[in-house]
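Chain A: place on chain B using the hints.
Number of protein chains: 2
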Amino acid sequence: MILTRRRFFSTTLTTGSTLVAAPALIRGLSSPAEAKAPIVGKAAPSFYRFKVGEFEVTALHDGEFARPLDAGFVRNAPLADVQKTLADNFLPTDKLMLTFTALLVNTGSKLVLIDTGFNDNGGPTNGRVVAGMKAAGVDPSMVDVVLFSHFHGDHLQGARSKAGQLVYPNAEIMVPAPEWDFWMDEAKMAAAPDGMKGAFAGVHRVLKPNAADVKRFKWGDEVVTGITAVEAAGHTPGHTAFAIVSGNAKMMYVADITNTPVLFATNPEWKVMFDMDPDRAVATRKRILDMAATDKLQLSFYHASFPATGFIARAGAGYRFVPAQWS
Amino acid sequence: MILTRRRFFSTTLTTGSTLVAAPALIRGLSSPAEAKAPIVGKAAPSFYRFKVGEFEVTALHDGEFARPLDAGFVRNAPLADVQKTLADNFLPTDKLMLTFTALLVNTGSKLVLIDTGFNDNGGPTNGRVVAGMKAAGVDPSMVDVVLFSHFHGDHLQGARSKAGQLVYPNAEIMVPAPEWDFWMDEAKMAAAPDGMKGAFAGVHRVLKPNAADVKRFKWGDEVVTGITAVEAAGHTPGHTAFAIVSGNAKMMYVADITNTPVLFATNPEWKVMFDMDPDRAVATRKRILDMAATDKLQLSFYHASFPATGFIARAGAGYRFVPAQWS
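The listed protein sequences derive, respectively, from chains B and A. Going by this note's numbering, the first sequence opens with residue 881, and the numbers climb by one from there. Going by this note's numbering, the second sequence opens with residue 881, and the numbers climb by one from there.
In isolation and in its complexed conformation, chain B is listed as follows (with noise of 0.2 Å):
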């Protein structure tokens, strides 16, 4: 039998008990017992390892979290096209899956994680990258430097547990200077409407107990050899990515110059409600993805699908968001 398409979905979409029968050639499968194996019923601790020179990237799923999709979400857009982009591109239109994803980079001399996640202090479907890392093999305690592209709760928190330990104890943290004089100034926190005094706690809870110790770097600071701090302000007033160079070999994490790519690549005039200074962040977002298609360089976000990393190119009055080969 041959099935044509609309063959395939009349039988395939019928309950198979009408059609079990018919196989004659298949036997001892009337009466079917338990799968030798249960359902898992979880995902499993994700990691992506990949090289840059003689540096080893390690991607790691801090997991996702569907938020609503409202009017305001996208500040100059109708909802429907942001709806309509999204089916585009197979995803659910009702809500907005948000994925989340930091980078360990060994550069053979230190180890380096880029944002931390939420750890335990995000929802049941966060908090997944020391998992990850565990499973690659490596323990929080190995980390040498935490370096933060800047401090939504998202990428920051994961750095001190819920209980009030550091997660990565034997580490530096490094953070942008232009990020630490905003959410540290008082006065700024003082003066901040009652939706943000939340944000500016979230940073002093997990950075000022130990904040004399805390590293802040400027843009264009090398701030561990082959990794090099770049301005990328408006989606936060000190928000930064990170150029990676190991010899020849060189990408950029890029951390939240997009929300997701999905939208935000492809629409990079849209005004996501996060970013501070919305004009600066589509200003900052045009500059890099314009300068990844053009020179063809390995992006790493925070918000794509794990493992998050690949390619900008040109389409339309936009760019897309090409993952990399998995290898």
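Source of the hints: derived by calculation from the structure; they are not laboratory data. Hints should not be assumed to be uniformly reliable.
[As the list claims (entries may be wrong)] The calculated EDC-like cross-link candidates involving lysine to aspartate or glutamate, where the alpha carbons are at most 16 Å apart (straight line), are:
1. K1176(B) - D1061(A)
2. K964(B) - D974(B)
3. K1088(A) - D1061(A)
4. K1176(A) - E1149(B)
5. K1088(B) - D1065(B)
6. K1166(B) - E1149(B)
[Unchecked claim] Chain A regions said to be covered by chain B (calculated; three or more residues, Cβ under 8 Å):
7. 1012-1018
8. 1032-1044
[Unchecked claim] Output of the computed footprint for chain A on chain B, the stretches with three or more beta carbons under 8 Å from beta carbons of chain A:
9. 935-947
10. 961-974
11. 1032-1040
12. 1077-1090
13. 1200-1207
We put the CB at the ideal spot given by N, CA and C, even for glycine.
Here is chain A on its own, set in the frame of chain B:
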């Protein structure tokens, strides 16, 4: 310092030694020690678990293989066009990095492995299905059914080790009847050109010792409750896709209706050298890709980038494979 695009490359592409002294705010980095974590130098066993209704589906990465890319690889397109499509997708143009992903389906009553990779019959970068399965918590002895899409070595050889043992000792082997009829035909084997005799011998090596136990199914048969064989001939005479249906959820494992979809979904008329009946392979490819695009049906390919599952969008004169978001 704010890095412009050109400044980024002029600075980071010089060696780090001159820059590392610059950051006044960074201390303690002047004598980089060995990272506490050694460079691992290899990838992890890779599996990716997702749900289709009540079924639990696990993609298992067998590995990859770099094959030469010569003028004969695509029969009806100039090598330069093939290379352009690869470059447009940020892939090497001097070789084809072909990847292999088998699919494990737990229906709750049967644990079914669809295609088997190489096991120890391939090269050093292949044969990782069992390792991935074990990482996913499944021992090969737990597999109830091994289901083949067709008998090419990269799909079939992994069912039997080089030493001759069945890798899934408790599994019933199920094969497409037209595929069996072709490859088990002694007259066809005798008449085969020299270049194909090895393929026949490989099939006989794997399937002959247990030939009496091999179950043959027809297109349209529901081979296991919820898994139906779908005619997809052309690549080989019995090449078969599998519709996987649980409740209202469905997907299709499409095996080799394309070699890598990067090339052959983009250019569905292209005829890869492996397609035994190229015209029929093109017709099958277009029929199934068109159905998937129209119905937004999730597909799993054998030669897409791991985890090799996603959707089909129409793009120009062809289609584009859109990986499912990692969840």
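Evaluation of the provided hints:
1. K1176(B) - D1061(A): 48 Å, violated
2. K964(B) - D974(B): This hinted pair holds, its Cα atoms lying about 11 Å apart.
3. K1088(A) - D1061(A): 13 Å, holds
4. K1176(A) - E1149(B): 28 Å, violated
5. K1088(B) - D1065(B): 12 Å, holds
6. K1166(B) - E1149(B): Since the Cα atoms of K1166(B) and E1149(B) sit roughly 8 Å apart, the hinted pair holds (cutoff 16 Å).
7. 1012-1018: n = 4 at 8 Å, threshold three: holds.
8. 1032-1044: violated (count 0)
9. 935-947: holds (count 3)
10. 961-974: Holds: 4 residues of the region 961-974 of chain B have a Cβ under 8 Å from chain A.
11. 1032-1040: violated (count 0)
12. 1077-1090: With 0 residues closer than 8 Å to chain A, the region 1077-1090 of chain B misses the three-residue bar; violated.
13. 1200-1207: holds (count 6)
Consistency note: the structure conflicts with the earlier hints numbered 1, 4, 8, 11, 12.
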